[in-house]
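**Student:** Residue numbers (the working numbering), protein chains in the order written: chain A, 105 to 485; chain B, 90 to 572.
Just so you know, not all the hints are guaranteed correct.
Straight line, CA to CA, 20 Å or less: simulated SDA-like cross-link-like pairs of lysine to any residue [claimed, not checked]:
id	chain 1	residue 1	chain 2	residue 2
1	B	Lys526	B	Ile464
2	B	Lys562	A	Asp313
3	A	Lys366	B	Leu316
4	B	Lys541	A	Lys446
5	A	Lys294	A	Asp271
6	A	Lys294	B	Pro300
7	A	Lys344	B	Phe558
8	B	Lys562	A	Lys287
9	A	Lys405	A	Lys389
10	A	Lys367	B	Leu510
11	A	Lys351	B	Lys537
12	B	Lys532	A	Lys287
13	B	Lys526	A	Tyr114
14	A	Lys469	A	Phe204
15	A	Lys344	B	Glu236
16	B	Lys537	A	Ser115
17	A	Lys367	B	Ala315
18	A	Lys351	B	Ile511
19	A	Lys294	B	Asp485
20	A	Lys366	A	Asp412
21	A	Lys294	B	Leu510
22	A	Lys389	A	Ser330
23	A	Lys366	B	Ile464
24	B	Lys562	A	Lys469
25	A	Lys344	B	Val293
26	B	Lys532	A	Leu113
27	B	Lys532	A	Tyr114
28	A	Lys367	B	Glu311
29	B	Lys562	A	Phe204
30	A	Lys367	B	Lys155
31	B	Lys562	A	Gly343
32	B	Lys541	A	Val455
33	A	Lys454	A	Arg298
34	B	Lys155	B	Ile277
35	B	Lys562	A	Tyr114
36	B	Lys562	A	Ser115
37	B	Lys532	A	Lys389
38	B	Lys562	A	Tyr323
39	A	Lys294	A	Asn409
40	B	Lys526	A	Ala117
Hints were generated in silico from the structure; no laboratory data involved.
Remember, it's a predicted structure, so these values are computed and weren't measured experimentally.
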Amino acid sequence: MYRLNRPVLYSVAPLFLGLIISFAGLYLFYIEIDPNENLDELAIGSENTLTLASIDKKKIHCEGGLREVNDCINDYLIYGDSDELILWLGNSQLHSINQFQLGDETASLILHKKLQSKDKYLLTFSQPNANLQEHFLLFEYLSNRVPITELILPVVFDDLRETGIRDNLQDILKHKVVIRELKNTEVGNKILLRQNTNKSLEGHNDPLDGTEQEGVEEYLNNALESMFDIWGDRSALRGKILLNLYKFRNWSLGITPSSIRKKIPVRYNMNMQALSAIIDSAQRKEIKVLVYIVPIRNDVKIPYNLNDYNDFKSKVISLDDSGLVKIANMEGIVPANYWGSKKPTSINSKVQELDFMHFNADGHKALSNEIFKALKAENDF
Amino acid sequence: MIFNSLTYLLFLLCIVSLYWLFSYRLRLYLIFFSSLVFYGFWRIEFIPIMLLSVIVDYLVSIYIPKSAKKMKKKLLLVSLCTNLGLLFYFKYLIFFSNSAVGILNFFGASIDPLFLNIILPIGISFYTFQTISYTVDVYRGLIKPEEDFILYGCYVTFFPQLVAGPVLRAREVIPQFKNRIPFSILDIFEGLKRIIYGLFLKVVLADNIAPLVDDGFLMSIENMSALDVWTLSFLFGFQIYFDFSAYSHIAIGSARLLGIRFPENFNFPYIASSPRDFWRRWHISLSSWIRDYIYLPMANINVQNISTGGISNAVGHTKKTKSLVLTWIIMGLWHGANWTFVLWGIYHVILIILYRLFSRLFTSFSDSFRSVIGIIIMLPLMMLAWIPFRSQSSQDAIQMWVKIFNFNEYGSLGMRENTYLITFILVVAFFVVYVIKSKIMPKLANEKSIFKFIVLQTLFFSFMMPLIFIFLKPGNQFIYFQF
């Protein structure tokens, strides 16, 4: 029999105690997770409701990755009753309704119905914080899959601070047609370079790809998932940790949604290049484009560096507004009372925070009306 | 098999359980064959290459002591040609052929580069160095050849250190394999602690820093500001440190579970106050290897034959600059077949030479003052050294370095604010952990304050273990696997 002497006890005790505390802490942390809580809704704020429109089980607004995009496309190919397909790309503003109430409709659904009466079919794809590089990729993919006649493209100052292609869109880069199109542009080449560099960096792609370990790891992972719910829910735990860190950061540095954001020059330039690339590509394909500066609440000071924001606006407005391209500034179309608030994004704060991105159903109505007007003016219907 | 995976944890559990149940002889077979399985989990077809290196050095070393002087040299040459030949073919053939083609084309020739698809066998730089050191030690008469093939095989292929070190010397490991090690619960718990610490560094820190570093290095350099260059160098410096030291911790911990002790490979390198000090703290086993098998022989200085001490004892010889430069170029190329690594080596040589020149200015100051000044100067300089390590090309690295000398480049920030914040937190956290681990913990580790010691350690483990549980996934390979 092994006798525990003092040095052994000193070594064993922290590990045992640590293990007990870890299990207890993990359990408490885990039970706090609401299985019905949608991580997407968490991302847009709990006062906002993710609302994806469909008509008679036919999906007309999809959010997510390539799989969801293909769902919408397939529904259009099967049930689409018009040859005139209008594509609307955007961020969470399109799929979130602040202070949602039963029966509320998103701008995409309202506009779809309006356009349907004009024998046009509207498909909408949105992603939280979608950047213009992602829109460029998605546009190239979709314009080669379905006959698009018009593109509606919102430009959001906030999203120009984002960069890169999210994982669930990466598969688009496997399509030869898309690669060919991307290679025709400077920004497309940068996107491809970034993709190839990521691939070539050993250690940053899937390290088990093509190894004998791949299958074993998957088997063990699945086995653990089937035995312990918590193992399968680790991604939710990761999300919760990151959310708490985010709140902690906001609390410790006093960051709120109203804090002033500056443009990040590198990302900004790349996204503006992507915007030009989308317009050029659309023009080559004879697809009309409606570019609009998104609505922002105008009852309070906007959370952007004013010089940066004004510079951004003038750049967008000065885009070549001729031929197939129409530029619109929709900043002020949603009245102050249509904008919502969201739960605090900081630890220990009970004060509701202003939401600068999402508005209620009336705001969606206003947006769809403005876009419909712009389309009507362009198309004369 | 990679350490940060369920497969490895299960594998380790099985091997450790069987190991302590087996008799001495069976343990050796278990280690040898399980190491082959461990390696085969990456790519089974590369096992014969590793075994070729193992068998050649085994046979050569058996015959060296029995042979005449000339024959000894020939046998040593056989070993060196085999190991370096394998290394050259798999790691450097494409690099050298393309470089040669590039030079010839520069002078007007019109030659197409070679298009070869050679996969670098994982860990080849580590196990070839280990087998070379073994044969050279036998040749030098420092150790006797091991006649038991399985025991010798265990030394080279021992799975914890097989693919990314530490680079062990036969003298340190073979004697441990020679006896039946008695079971020690202390070894088990100390081993587990090291594994937990290593997994935390890898899956929680290194793998979460990686996307920020990737993003940063993908920026076009003309858009990067000097502050971005500094931030990226620090961020990558921490990523590679966490990543590689994590591997070493898990390797040391895994070996300890089997009662085998490995020398330390890292010791808070960014606390170094001189280049010499840095190489006493960073990848200690490699720098010691380079010292004993490349630098000292080249400089005609007696070798030391221990995998500790780093390159430090050698760098004092100012007359040996030529050897120093060559050594650092080799050191660079060992890390990768690319001019960026040569640039990295040259940077370090320059740093060492500058240190030798300027450190004399501080001799009149107190040790503690020199130490503090040394850390303040060395930390950013060492971080900047990582730029070529991570850059796509030497030109990129040089362009990035040039930025930091241009004061006009300090006006903007090109990355998300979080990147700078995280970098700052990492620097502060590094020094806080250093103070806790190196200054506070040793003071508490006595009978009087043992309660505080246990509480502090418990806090560390309660913090690390749930995070490992949540973040554990083989998402990223260890960076040093590619070397």
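**Student:** Of all the hints given earlier, name the ones this structure violates by number, lowest first.
**Tutor:** 4, 8, 9, 11, 12, 15, 21, 22, 23, 24, 29, 30, 32, 33, 34, 35, 36, 37, 39
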